[in-house]
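Peer 1: Sequence:
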Amino acid sequence: MVSKSQKNNFAAISKPSQLGPNSSNQNHSSISMDSAAFLEAQNDIKLNDLSKKVSLLRGITNDIYNDVNTQNDFLEESVCSYILQV
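Here the numbering used here = 1-based position in the sequence shown + 59.
Because the hints were derived from the structure by calculation, they are not lab data.
Heads up, a few of these hints could be off.
[Unchecked claim] Cross-link-like lysine to aspartate or glutamate pairs, in silico, DMTMM-like; alpha carbons within 25 Å at most:
id, residue 1, residue 2
1, Lys111, Asp122
2, Lys112, Glu99
3, Lys105, Asp93
4, Lys111, Asp132
5, Lys112, Asp93
6, Lys111, Glu99
7, Lys112, Asp122
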């Protein structure tokens, strides 16, 4: 999520220079680089958030897998003990 200060920084970077057309052309490459850096930082933040969510989901999936295996083992033992009693 973009904070208010980040939005203000991006808005300031995105505004064209008021010093005339020549200065706007000179600053165009730095504006593009600053915008690219800002977007790259946002991508990194989102990537880290996504990585955390994937790790959490992987942990939940492993827990479910282990629980299912434990329950299957219990059922097999129950069936075997029932068959031996009959």
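Peer 1: Does each hint fit the structure? Answer for all of them.
Peer 2: Results for each hint:
1. Lys111 - Asp122: holds, 17 Å
2. Lys112 - Glu99: holds, 20 Å
3. Lys105 - Asp93: holds, 18 Å
4. Lys111 - Asp132: Outside the cut-off at roughly 32 Å; violated.
5. Lys112 - Asp93: Answer violated: Lys112 to Asp93 is near 29 Å, above 25 Å.
6. Lys111 - Glu99: holds, 18 Å
7. Lys112 - Asp122: holds, 15 Å
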